[in-house]
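Spelled out from the first residue to the last, the chains are:
2 protein chains.
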Amino acid sequence: MKKKALIILSGGLDSTVLAHDIVARGKKELAAVSFDYGQKHRRELECAAAQAKILGIEHTILPLPFINDLFDSALLQSGGTLPEGHYEDDNMKQTVVPNRNMIMLSIAAGLAISQGRTELFYGAHGGDHAIYPDCRPAFVEAMKEVLALCDWQKLKLHVPFLHDNKAQIVALGQHLKVDFARTWTCYAGKERPCGKCGSCVERREAFALNKLQDPLF
Amino acid sequence: MKKKALIILSGGLDSTVLAHDIVARGKKELAAVSFDYGQKHRRELECAAAQAKILGIEHTILPLPFINDLFDSALLQSGGTLPEGHYEDDNMKQTVVPNRNMIMLSIAAGLAISQGRTELFYGAHGGDHAIYPDCRPAFVEAMKEVLALCDWQKLKLHVPFLHDNKAQIVALGQHLKVDFARTWTCYAGKERPCGKCGSCVERREAFALNKLQDPLF
Numbered sequence: 000m001k002k003k004a005l006i007i008l009s010g011g012l013d014s015t016v017l018a019h020d021i022v023a024r025g026k027k028e029l030a031a032v033s034f035d036y037g038q039k040h041r042r043e044l045e046c047a048a049a050q051a052k053i054l055g056i057e058h059t060i061l062p063l064p065f066i067n068d069l070f071d072s073a074l075l076q077s078g079g080t081l082p083e084g085h086y087e088d089d090n091m092k093q094t095v096v097p098n099r100n101m102i103m104l105s106i107a108a109g110l111a112i113s114q115g116r117t118e119l120f121y122g123a124h125g126g127d128h129a130i131y132p133d134c135r136p137a138f139v140e141a142m143k144e145v146l147a148l149c150d151w152q153k154l155k156l157h158v159p160f161l162h163d164n165k166a167q168i169v170a171l172g173q174h175l176k177v178d179f180a181r182t183w184t185c186y187a188g189k190e191r192p193c194g195k196c197g198s199c200v201e202r203r204e205a206f207a208l209n210k211l212q213d214p215l216f
Numbered sequence: 000m001k002k003k004a005l006i007i008l009s010g011g012l013d014s015t016v017l018a019h020d021i022v023a024r025g026k027k028e029l030a031a032v033s034f035d036y037g038q039k040h041r042r043e044l045e046c047a048a049a050q051a052k053i054l055g056i057e058h059t060i061l062p063l064p065f066i067n068d069l070f071d072s073a074l075l076q077s078g079g080t081l082p083e084g085h086y087e088d089d090n091m092k093q094t095v096v097p098n099r100n101m102i103m104l105s106i107a108a109g110l111a112i113s114q115g116r117t118e119l120f121y122g123a124h125g126g127d128h129a130i131y132p133d134c135r136p137a138f139v140e141a142m143k144e145v146l147a148l149c150d151w152q153k154l155k156l157h158v159p160f161l162h163d164n165k166a167q168i169v170a171l172g173q174h175l176k177v178d179f180a181r182t183w184t185c186y187a188g189k190e191r192p193c194g195k196c197g198s199c200v201e202r203r204e205a206f207a208l209n210k211l212q213d214p215l216f
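Protein sequences appear in the order of chains A and B.
Using numbering that gives the first Met the number 0, the first residue of the first sequence is number 0, and each one after it goes up by one.
Using numbering that gives the first Met the number 0, the first residue of the second sequence is number 0, and each one after it goes up by one.
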């Protein structure tokens, strides 16, 4: 029998490719959860819904309005202007939403347990480490431990892209025939990707390294 | 300068006594956060607000409606009948809300970081261990580690009652002159405490061991 698993699907490139990879391997009964936390780039949620439909998996979008109301980040609608530039630049730290990933993981864990699921997938990747404390391998290791203890049944956390870079994820997505036009990466929250924020810069580099045309540009 | 701290204040006995203890010691600039997650015993939130007012501390109540909508627990308005009996009885496990404490801790952590607070207080106590996986010392130790890693600044988790029993907490509350009439323990969600649920049974025992009259009974 397939193991029941839940993935945090943002609608971005990483979690979308991860969802396609899990489904392609055929060993899990997968469902997805996304979070509407007041991100400027809410457009990613439409992509998450579209990808879940393509994959034929159950999809839940949970609103977390308190994050936009009370937390401080340039990534949020309530926050300041989004910095432009490369991810390695220090000003990109303004796009950290305090403890966002732990909040998403803990809620996803509660949902997974309620649905009788025993595994949780999370798409953090190697390119995130320098800016986002809650994407670091040490954080992920500690989360694995705490998620194994949070219920009487063990919940297993998988973070398969933790040491991969974005170019490797694009290559896998291409191999899996992921519709990249239905993934959203830009943080700026406009109709079209800005091409200048750290997230856009990283995505463009990843496509360029694969000698691929990004359908969004 | 006082360190800035945040406490998860349910309005129950344990977190209320803990809040009074922290304020009495005078070493922290304390604020409180409570969660409205669809618990049958929403009445506890009125107690939390009253205690925060008595203590003169900032208090935020965050709604988490998705827990009642999607999670499975007899503690929730959406859940089945609440079991009666002693906490050590196995049927009390129906009152576990999957991963509730980790969800509350992770959101409180995000709020604390947004408010420039570096310490987080959580009132789990020794009597919770047998029923609630997310009150066990091993869980708390793992949470301490993950909360120290979730941001670029370390966030310190304090769980001072982790090895105390409820009778010791009542004794401390009495010493601190806590108004026990403004704490709420019963899970049943009625006008008056039911006296029969595990939570009521434990509270009554704790007052009896201190030879005190509980103002709620």
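A hint or two may mislead.
Note that the list lumps identical chains together, so a pair holds whenever it fits in one copy or between two copies.
Stated by the list, open to error - Straight-line C-alpha distance at most 25 Å; calculated SDA-like pairs for lysine to any residue:
id: 1; residue 1: Lys-155; residue 2: Gln-212
id: 2; residue 1: Lys-143; residue 2: Ile-130
id: 3; residue 1: Lys-52; residue 2: Val-139
id: 4; residue 1: Lys-143; residue 2: Arg-42
id: 5; residue 1: Lys-26; residue 2: Lys-92
id: 6; residue 1: Lys-27; residue 2: Arg-42
id: 7; residue 1: Lys-195; residue 2: Asp-20
id: 8; residue 1: Lys-1; residue 2: Asn-67
id: 9; residue 1: Lys-27; residue 2: Asp-89
id: 10; residue 1: Lys-143; residue 2: Lys-155
id: 11; residue 1: Lys-26; residue 2: Asp-68
id: 12; residue 1: Lys-153; residue 2: Gln-93
id: 13; residue 1: Lys-210; residue 2: Thr-117
id: 14; residue 1: Lys-1; residue 2: His-128
id: 15; residue 1: Lys-52; residue 2: Ala-73
id: 16; residue 1: Lys-143; residue 2: Lys-153
The set of hints was computed from the structure by calculation and includes no laboratory data.
The hints, checked one at a time:
1. Lys-155 <-> Gln-212: So Lys-155 and Gln-212 fail the 25 Å test inside a copy (36 Å) and across (46 Å) alike.
2. Lys-143 <-> Ile-130: both (21 Å within a copy, 22 Å between copies)
3. Lys-52 <-> Val-139: Neither, since 29 Å and 38 Å both go past 25 Å.
4. Lys-143 <-> Arg-42: The answer is neither: 30 Å in one copy and 35 Å across copies each exceed 25 Å.
5. Lys-26 <-> Lys-92: neither (37 Å within a copy, 31 Å between copies)
6. Lys-27 <-> Arg-42: neither (28 Å within a copy, 41 Å between copies)
7. Lys-195 <-> Asp-20: Intra 29 Å, inter 50 Å, cutoff 25 Å: neither.
8. Lys-1 <-> Asn-67: Neither way: Lys-1 and Asn-67 sit 37 Å apart in one copy and 28 Å across, limit 25 Å.
9. Lys-27 <-> Asp-89: neither (39 Å within a copy, 31 Å between copies)
10. Lys-143 <-> Lys-155: Answer is both; intra-copy 7 Å and inter-copy 19 Å each pass.
11. Lys-26 <-> Asp-68: So Lys-26 and Asp-68 fail the 25 Å test inside a copy (40 Å) and across (29 Å) alike.
12. Lys-153 <-> Gln-93: between (35 Å within a copy, 17 Å between copies)
13. Lys-210 <-> Thr-117: This pair counts as neither: shortest intra-copy Cα distance 38 Å, inter-copy 46 Å.
14. Lys-1 <-> His-128: Answer is neither: 32 Å inside a copy and 32 Å across each miss the 25 Å cutoff.
15. Lys-52 <-> Ala-73: This pair counts as neither: shortest intra-copy Cα distance 30 Å, inter-copy 33 Å.
16. Lys-143 <-> Lys-153: both (10 Å within a copy, 19 Å between copies)
In this structure, the earlier hints numbered 1, 3, 4, 5, 6, 7, 8, 9, 11, 13, 14 and 15 are contradicted, and the remaining ones agree with it.
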